[in-house]
Amino acid sequence: MKRAGFASRWLPILLLVPQLSIILVFFYWPAAYAVKSSFYLQDPFGFGQTFVGLENYSALAGSAEYLKVANFTMIFTVLVTFFSLALALLLAVKADKVIRGAKTYRTLLMWVYAVAPPVAGFMGLILFNQRWGPLTEFFGALGWDFNLRADYVDTAFAMVVVSVWKQVPVNFIFFLSGLQSIPKSVREAALIDNRSDSGRFWDVTFPLLAPTGFFLLIINITYALFDTFGIIDTLVQGEPGNNPMTLVYKVYVDGFRGNDLGGSSAQSVVLMILVLALTVFQFRMVERRIHYT
Amino acid sequence: MADISLSTATPVVPRRRFRWSTLVDHAVLIAGSLVMILPLLVMLQTASTPDVETMKYGPGLYFGDQLDDNFRKAMFEASGFSGENTGFAMFKNSLILGLGFAIGKIVIGMMAAYAIVYFRLRFATLAFWLIFTTLLLPLEVRILPSYEITQKLGLLNTYTGLIVPLIASATATFFFRQFFRSVPEELVEAARIDGAGPVKFFIDILVPLSQTMIAAMFIIMFVYGWNQYLWPTMITTEEGMYTLVRGIKRIVQVLQGGNEIPEYGRANVLAIIAVLPPVAIVIFFQSWFVKGLTESDK
Chain A
1 MKRAGFASRW LPILLLVPQL SIILVFFYWP AAYAVKSSFY LQDPFGFGQT
51 FVGLENYSAL AGSAEYLKVA NFTMIFTVLV TFFSLALALL LAVKADKVIR
101 GAKTYRTLLM WVYAVAPPVA GFMGLILFNQ RWGPLTEFFG ALGWDFNLRA
151 DYVDTAFAMV VVSVWKQVPV NFIFFLSGLQ SIPKSVREAA LIDNRSDSGR
201 FWDVTFPLLA PTGFFLLIIN ITYALFDTFG IIDTLVQGEP GNNPMTLVYK
251 VYVDGFRGND LGGSSAQSVV LMILVLALTV FQFRMVERRI HYT
Chain B
1 MADISLSTAT PVVPRRRFRW STLVDHAVLI AGSLVMILPL LVMLQTASTP
51 DVETMKYGPG LYFGDQLDDN FRKAMFEASG FSGENTGFAM FKNSLILGLG
101 FAIGKIVIGM MAAYAIVYFR LRFATLAFWL IFTTLLLPLE VRILPSYEIT
151 QKLGLLNTYT GLIVPLIASA TATFFFRQFF RSVPEELVEA ARIDGAGPVK
201 FFIDILVPLS QTMIAAMFII MFVYGWNQYL WPTMITTEEG MYTLVRGIKR
251 IVQVLQGGNE IPEYGRANVL AIIAVLPPVA IVIFFQSWFV KGLTESDK
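Line by line, the protein sequences are chains A and B.
Reminder that position 46 of the first sequence reads as 46 in full-length UniProt numbering, one-by-one numbering, no gaps.
Reminder that position 101 of the second sequence reads as 101 in full-length UniProt numbering, one-by-one numbering, no gaps.
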């Protein structure tokens, strides 16, 4: 709120009405509906519903399949987050250092930001094609009989590779902008104190980038959990079968395809709690984090 | 600043001479750039090659001469059952989704942010929390109930159903609130002394001041809207309503193929067209886009 504002009674309300009505109808209503449905068992033929309390949740906890999916999601998230952060940091540090061609590198390394995840998945389908995919042939030459969609681990590998490829540019942009905001005086002081490139990186640059890195950590976890949906859906060509899938994908498969609204809603609520926990964690860390500038 | 230090040759800046580490830097960057660009070249190669060749040998090293033919097929010949989902129709739908989403989000966000920052409201805190809680839960976690509700409202296969539920989050509002708060207080006071009312102040002063921010937001939101996949997949069942990105799902299923030769050429042309507009915008308006992305902290 500004100190000097306008004193109008109806104008602010009028200004807020579009935003508020949209979020009430398409945010709060669906969220409440998900919580409510998670306590009910839907009749498969659409005739009403029965209150079952926490049964949908206990069914989840007892489902070996759900736990397998949750397990995969965790490993997938860790791998995608780690590799896309590490590779982006490496590229950003190099791009920040070079003088010649800096702009060209920047463009080449960031355009993938604008590629839709399912299109990235489609590229993966071509590159990892079972018969003639260039990467499949490359792995074959190395003695790895790569088999997309037929082999669980190979499919998971392709999912991680495509997801990392798609996410590196976002992290690159943030890291590069973080690096470029380090004051010149700090860099010069570091240059005098420490002549070795790697020493300077770990002692000065890395700690200064920590806030950016932490912010990106949350962004990347959210990306791996939710935004990879399109990549996974295209890589398994819409038919998951025995292939790995993430929690969000399972919500979709169970609810939309399997018509299990109660079970799917319980999964949604679990995801909501997960996201809320992440956000609370983020806020607490942001409060605690040290500002160097 | 860089120019000054170079020209005066302060002792801190070493003279530029050949260093092995510079070579390594470039090698890493070139490798990274290649990894980013090669998949696109493979798509372009496949898009320009006859389907039979791709089916037999996969992507080759040389570009073919079928690009215009495949382009014509992809853009103007329908592939589905209804004959309505030509590449051109999908392109139009993608454009409507991208523009509608970006414009809707910016207009609604600016209005709400203006109300929150510049007015004394009795229920301001409540409105604030109602709006900013939406930042916490992405659409994906409430996707099914959102679908059910959109269906109940009779909005399946409509542009409204496609766009409005996606707008139900406060990213733009949050962004503009941050920006408005950084606008000097004196401006409002000066405007009031000059007799400008709240509407005049908003349109004549605040909106022009926000131009760069609006541009940056527009790029990010357009790309976000254009690239939507899960929501359009659920909400559009009529082929005439497909967007390009939604159409990828159909393409992928076609590639699974039966006995016929899968239409690799057409599929790759469509994928390239789905990628081109957002990529072009991001590249051409790079500095705005980077500014918007890194300053909004999403």
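No lab work stands behind these hints: they were computed from the structure.
Careful: at least some of the hints might be erroneous.
What the hints assert, rightly or not - Quick list of in silico lysine-lysine cross-link-like pairs, DSSO-like style, CA-CA up to 30 Å:
| # | chain 1 | residue 1 | chain 2 | residue 2 |
| --- | --- | --- | --- | --- |
| 1 | B | Lys152 | B | Lys92 |
| 2 | B | Lys152 | A | Lys36 |
| 3 | B | Lys56 | B | Lys73 |
| 4 | B | Lys73 | B | Lys92 |
| 5 | B | Lys291 | B | Lys200 |
| 6 | A | Lys97 | A | Lys184 |
| 7 | A | Lys103 | A | Lys36 |
| 8 | A | Lys68 | A | Lys97 |
| 9 | B | Lys291 | A | Lys103 |
| 10 | B | Lys152 | A | Lys97 |
| 11 | A | Lys184 | B | Lys92 |
| 12 | B | Lys92 | B | Lys291 |
As the list claims (entries may be wrong) - Ranges between beta-carbon positions, derived for each pair:
| # | chain 1 | residue 1 | chain 2 | residue 2 | range |
| --- | --- | --- | --- | --- | --- |
| 13 | B | Thr22 | A | Glu239 | 47 to 53 Å |
| 14 | B | Phe63 | A | Trp144 | 26 to 32 Å |
| 15 | B | Asp69 | A | Phe206 | 49 to 55 Å |
| 16 | B | Arg181 | A | Trp144 | 22 to 28 Å |
| 17 | B | Glu53 | A | Arg284 | 56 to 62 Å |
| 18 | B | Phe76 | A | Ser58 | 29 to 35 Å |
| 19 | A | Phe281 | B | Arg192 | 39 to 45 Å |
| 20 | A | Ser58 | B | Thr158 | 35 to 41 Å |
| 21 | A | Thr104 | B | Ala190 | 44 to 50 Å |
| 22 | B | Gln178 | A | Phe138 | 55 to 61 Å |
| 23 | A | Lys68 | B | Asp69 | 43 to 49 Å |
| 24 | B | Phe63 | A | Thr104 | 40 to 46 Å |
| 25 | A | Ala61 | B | Asp69 | 35 to 41 Å |
| 26 | A | Asp151 | B | Ile30 | 28 to 34 Å |
C-beta atoms are modelled at their ideal positions from N, C-alpha and C, and glycine is treated no differently.
>> Output the indices of the hints that this structure fails to meet, ascending.
In response: Hints 7, 8, 10, 11, 16, 18, 22, 24, 25 contradicted; others consistent.
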